[in-house]
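Q: Chain by chain, the residues:
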Amino acid sequence: MAIVWASIRTHLRQQGLSPVAWLLSGLFPIALAYVARQLGREADLRLVAGVSAAAMIDTAAALVVLTVLSERQWGTLRTVAGTTRRPELVLVGRLCGVLIQTLTVVPVTYAFVSVAWGLVPVPAPAVAVAGALVLAAGVVIVMMPLVAVLVRFRYHPGMTNGIPAVILAFTGALVPLAQLPSLMRACATVLPSAWAIEAVGSGQWRTLGYGVAVMAGWALLGGVLLVLVFRRLRLRPDAFEV
Amino acid sequence: MSEFSPDHDGISVRRLVREFRSRTGPPSTAVDDLSFDVRPGELVTLLGHNGAGKTTTARVLVTLLEPTSGSAWVAGADVRTRAREVRRRCGFSFGGDTGLYPRLSAEENLRFFATLHRLGGAAMRRRCATLLDQVGLADRAGDRVESLSHGLRQRLHIARSLLHDPPVLVLDEPSSGIDPVAARDIRAMLRSLAADGRAVLLTTHDLVEAEQLSHRVLVLRKGRLVAEATPSRLRQLAANSLGTRIEVEFDARVEAEILRDCPGLKVHEPIGSGWSILVSDGAPATSWLLTTFGSSIVHLNVSPPSLEDAYVELVGSV
Amino acid sequence: MADRWLTYAWLSYKGLYTWLNPWGYLSSRVVRPIAVCLLFLPLGGNDEAAMLRLLIGSTLLVMATDVVFGVALAVGNERSFGTLGTVIASPVGLPATLAARAFPHVVDSFLGSVTTAVIAAAVYDIPLTPGQIARGVLALVVVGVSSTGVGIAVSSVALRFRDVFLAPNIARVVLIALSGALVSAGDLPEWLGVVSGALPIHHAITYVLGVPDGRAFALVLELAVGAAWATAGYVLVGLMIRSGRRAATVDLT
Numbered sequence: 471m472a473i474v475w476a477s478i479r480t481h482l483r484q485q486g487l488s489p490v491a492w493l494l495s496g497l498f499p500i501a502l503a504y505v506a507r508q509l510g511r512e513a514d515l516r517l518v519a520g521v522s523a524a525a526m527i528d529t530a531a532a533l534v535v536l537t538v539l540s541e542r543q544w545g546t547l548r549t550v551a552g553t554t555r556r557p558e559l560v561l562v563g564r565l566c567g568v569l570i571q572t573l574t575v576v577p578v579t580y581a582f583v584s585v586a587w588g589l590v591p592v593p594a595p596a597v598a599v600a601g602a603l604v605l606a607a608g609v610v611i612v613m614m615p616l617v618a619v620l621v622r623f624r625y626h627p628g629m630t631n632g633i634p635a636v637i638l639a640f641t642g643a644l645v646p647l648a649q650l651p652s653l654m655r656a657c658a659t660v661l662p663s664a665w666a667i668e669a670v671g672s673g674q675w676r677t678l679g680y681g682v683a684v685m686a687g688w689a690l691l692g693g694v695l696l697v698l699v700f701r702r703l704r705l706r707p708d709a710f711e712v
Numbered sequence: 182m183s184e185f186s187p188d189h190d191g192i193s194v195r196r197l198v199r200e201f202r203s204r205t206g207p208p209s210t211a212v213d214d215l216s217f218d219v220r221p222g223e224l225v226t227l228l229g230h231n232g233a234g235k236t237t238t239a240r241v242l243v244t245l246l247e248p249t250s251g252s253a254w255v256a257g258a259d260v261r262t263r264a265r266e267v268r269r270r271c272g273f274s275f276g277g278d279t280g281l282y283p284r285l286s287a288e289e290n291l292r293f294f295a296t297l298h299r300l301g302g303a304a305m306r307r308r309c310a311t312l313l314d315q316v317g318l319a320d321r322a323g324d325r326v327e328s329l330s331h332g333l334r335q336r337l338h339i340a341r342s343l344l345h346d347p348p349v350l351v352l353d354e355p356s357s358g359i360d361p362v363a364a365r366d367i368r369a370m371l372r373s374l375a376a377d378g379r380a381v382l383l384t385t386h387d388l389v390e391a392e393q394l395s396h397r398v399l400v401l402r403k404g405r406l407v408a409e410a411t412p413s414r415l416r417q418l419a420a421n422s423l424g425t426r427i428e429v430e431f432d433a434r435v436e437a438e439i440l441r442d443c444p445g446l447k448v449h450e451p452i453g454s455g456w457s458i459l460v461s462d463g464a465p466a467t468s469w470l471l472t473t474f475g476s477s478i479v480h481l482n483v484s485p486p487s488l489e490d491a492y493v494e495l496v497g498s499v
Numbered sequence: 230m231a232d233r234w235l236t237y238a239w240l241s242y243k244g245l246y247t248w249l250n251p252w253g254y255l256s257s258r259v260v261r262p263i264a265v266c267l268l269f270l271p272l273g274g275n276d277e278a279a280m281l282r283l284l285i286g287s288t289l290l291v292m293a294t295d296v297v298f299g300v301a302l303a304v305g306n307e308r309s310f311g312t313l314g315t316v317i318a319s320p321v322g323l324p325a326t327l328a329a330r331a332f333p334h335v336v337d338s339f340l341g342s343v344t345t346a347v348i349a350a351a352v353y354d355i356p357l358t359p360g361q362i363a364r365g366v367l368a369l370v371v372v373g374v375s376s377t378g379v380g381i382a383v384s385s386v387a388l389r390f391r392d393v394f395l396a397p398n399i400a401r402v403v404l405i406a407l408s409g410a411l412v413s414a415g416d417l418p419e420w421l422g423v424v425s426g427a428l429p430i431h432h433a434i435t436y437v438l439g440v441p442d443g444r445a446f447a448l449v450l451e452l453a454v455g456a457a458w459a460t461a462g463y464v465l466v467g468l469m470i471r472s473g474r475r476a477a478t479v480d481l482t
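Protein chains in written order, with the working numbering: chain A, 471 to 712; chain B, 182 to 499; chain C, 230 to 482.
Honestly, the hints are just simulated from the structure, not real lab data.
Keep in mind that the hints are not guaranteed to be accurate.
Listed below are several chain A residues computed to face chain C (Cβ distance under 10 Å; list not exhaustive) [stated by the list, open to error]: (1) Gly510; (2) Phe582; (3) Pro634; (4) Pro646.
What follows is a set of in silico ranges between Cβ atoms, one per label pair, in the way DEER data are often shown [unchecked claim]: (5) Leu235/C to Gly693/A: 42 to 52 Å; (6) Arg365/B to Thr546/A: 44 to 54 Å; (7) Trp492/A to Ala461/C: 37 to 47 Å; (8) Ser216/B to Arg483/A: 19 to 29 Å; (9) Gly486/A to Gly274/C: 31 to 41 Å; (10) Gly486/A to Phe201/B: 20 to 30 Å; (11) Val682/A to Gly277/B: 27 to 37 Å; (12) Thr546/A to Phe201/B: 25 to 35 Å; (13) Thr546/A to Ala369/B: 58 to 68 Å.
Stretch by stretch, here's where chain C covers chain B in the computed footprint (C-beta under 8 Å, at least three residues) [to be verified]: (14) 392 to 401; (15) 404 to 418; (16) 440 to 447.
Ideal placement from N, C-alpha and C gives every residue a C-beta, glycine not left out.
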């Protein structure tokens, strides 16, 4: 656990003040909220949750790519792999750091929507707060397989460009899931962020519970993939190379 | 602006200063009042510790940095006011594992950089093939740079710097980090480049390289020039200061008192059946030994200071 | 001359971009644009006109952002490969090569955008007339050119600062909110409408969807916007290189 804490702390020191992170988590939700509102969406809690989810996915994807790329370039994963500690745990710590960074999106979006179009009522505050946490955690945990790809393949950034965009499109960020085509709606059921947005919007614990269950599945999948990738990486001649 | 104008088409540096601003403290001076010349056909080495100002000087000469003050001419053009002219006539290599496109092959890298020198068509392809052959990479031309070893990348860097057949070359540590055999090949290549009439400026902290290749050596310390001479002259300067060591063995015992008459004797100590003596000047001392002991000498070894001794004497610990 | 230009364009594209493997290309240039389009299209609800506008707008947006990122990140990738100094210190120099660097991205993004439009129109069953298709194709090409200007301007930031992702991301956000691709410029506050007019896409979307009388002029305006950005970009690139030589930042990775 100590290595995870240390990894979170060092992540926030290195990437916490990254201008790109602040831009994506600050300016992007404002732009999306503006677009959605201008195109007729209600300025309600679902809009806040959906726009936050969209900005979180964008921010988390950028930060995850930057973080793993930096670890590769600095050769720090190789250093950790040569110790008795597991490099997977370092990456889990980095993801927790990303989660903390993405959480800032929610108050920014809420504040902007409230200032621009009037205070947004929060009928079920406990569900809203828990939903925001599940939303951020869900977004970041879904990135775990992405991290595995980034670690496994040397020329990875291009390979991962489409994945956050697909998550973004299928998560029902800007419109209720009911307005999506049926295939996209079906895909949305495996995304914790889609459940979390619905839960925040509707104030239902049960919906949030589904989100948590789906998130647990992604965490398991991501964890197994990371372990497998690191195990197989040691067999490759270019393991841990930049 | 200085009114100085160089009388040759090599490299001329006059009172060059380059400072770097610091967020936390006063500005640091990487190059301080540096002046030197490299004439066509000459290979001159900038020698110094890490941080002595070698690479900063090289970067100013290839127009990547502007001088804070002073002036520098490369191939007859002022690096500050005629940067484009300098770029046209100067080749450079900063070596290392970066500076090339890893996903392109060696040949594709050369072709890409050739287009930046306005080369194209069959002439470009011929030039690239010639250079790949010249640096011993013809059989690896199609391999991606990412698969090349450090030494092969260094060769490719040098080939890239020669694409436009420049009369001036600035090479920053071209054999750094490569094995002795590859380093010897690169040195042979560098020697031939100067022999072709190019002005070549080399930066290194490899003393063997500096000694084997250089017509002159410039020793930098904290951005300042502390010595400028041929390698043998540098050794001579060091010898004057440090002395020359002579090891001599005799077929019979020789008393210490006799050695006190040796010209320039500084120190003497017994070794085996002879003496190790330190003298201020090797030539008269050797002559005296041969005259005095003649055929009773069975072994004589004169060791003037190495360039390393001279360098350490000049630069000391930084 | 043309041979040299094309060699340069192709090798810089091949050398600098890390998506040149089938999965990377598919992910960056096909999947991502389609997903971006599918994100925005549902905002049209059941309104056919709104859906058509969002389809055209999203497709142009995809084209513009791909070109801006492509050109802007060229400089960033030069930094990470340690080749920026070599390019800047060559006789041709960086500014003269930026247009050549943009060319493969315009071609590439055009193909990706057309694919995006076809798939998104099929998913949401949006009918397009032959006239709209022809104008859309022409608008895509013109937006590719006008976005190149923005890309050059944005790339200048990476010459001076090492955070190479910042400026292209700001450009993306601005294009999403203000270019008129998604929100009609008429719905923007007056002063933001003026800003919108100075951005790529604004005039191109008028060309595709506007009244027939002003179409040709809209296309000319779109090209003029691109030319203005390109001019500003070249000036900025020159200034940033100069500034980088003074501040010792041009060849830092």
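Q: Are the hints correct? Go through all of them and say.
A: These are the hints, each one checked on the structure:
1. About 7 Å separates the beta-carbon of Gly510/A from the nearest beta-carbon of chain C, less than 10 Å, and the hint is met.
2. Because the closest C-beta pair between Phe582/A and chain C is about 12 Å apart, greater than 10 Å, the hint is violated.
3. Look at Pro634/A: its Cβ gets to within about 8 Å of chain C, closer than 10 Å, so that hint holds up.
4. This hint holds: Pro646/A has a C-beta 9 Å from the nearest C-beta of chain C, less than the 10 Å allowed.
5. Distance hint check for Leu235/C and Gly693/A: the Cβ-Cβ separation is about 48 Å, which falls inside the suggested range of 42 to 52 Å.
6. For Arg365/B and Thr546/A, the Cβ-Cβ distance of about 36 Å falls outside the hinted range of 44 to 54 Å, so the restraint is violated.
7. A hinted range of 37 to 47 Å is violated for the C-beta pair Trp492/A and Ala461/C, which are about 26 Å apart.
8. For Ser216/B and Arg483/A, the hinted distance range of 19 to 29 Å is not satisfied, since their beta carbons lie about 44 Å from each other.
9. Between Gly486/A and Gly274/C the C-beta distance comes to about 39 Å, which sits within the given range of 31 to 41 Å.
10. Hint check: Gly486/A to Phe201/B, Cβ distance near 27 Å, so the stated range 20 to 30 Å holds.
11. Distance hint check for Val682/A and Gly277/B: the Cβ-Cβ separation is about 50 Å, which falls outside the suggested range of 27 to 37 Å.
12. For Thr546/A paired with Phe201/B, a C-beta distance near 27 Å keeps the hint of 25 to 35 Å intact.
13. Look at Thr546/A against Ala369/B: about 39 Å separates their beta carbons, and that is not inside 58 to 68 Å.
14. Only residues whose beta carbon comes within less than 8 Å of a beta carbon in chain C count, and the region 392 to 401 of chain B has 0; fewer than three means the coverage is violated.
15. Only when three residues or more bring their CB closer than 8 Å to a CB of chain C does the claim for the region 404 to 418 of chain B stand; here the count is 0, and the claim is violated.
16. Residues of the region 440 to 447 of chain B lying with their CB closer than 8 Å to a CB of chain C number 0, which falls below the three-residue condition for coverage.
This entry does not satisfy hints 2, 6, 7, 8, 11, 13, 14, 15 and 16, going by the numbered hints stated previously.
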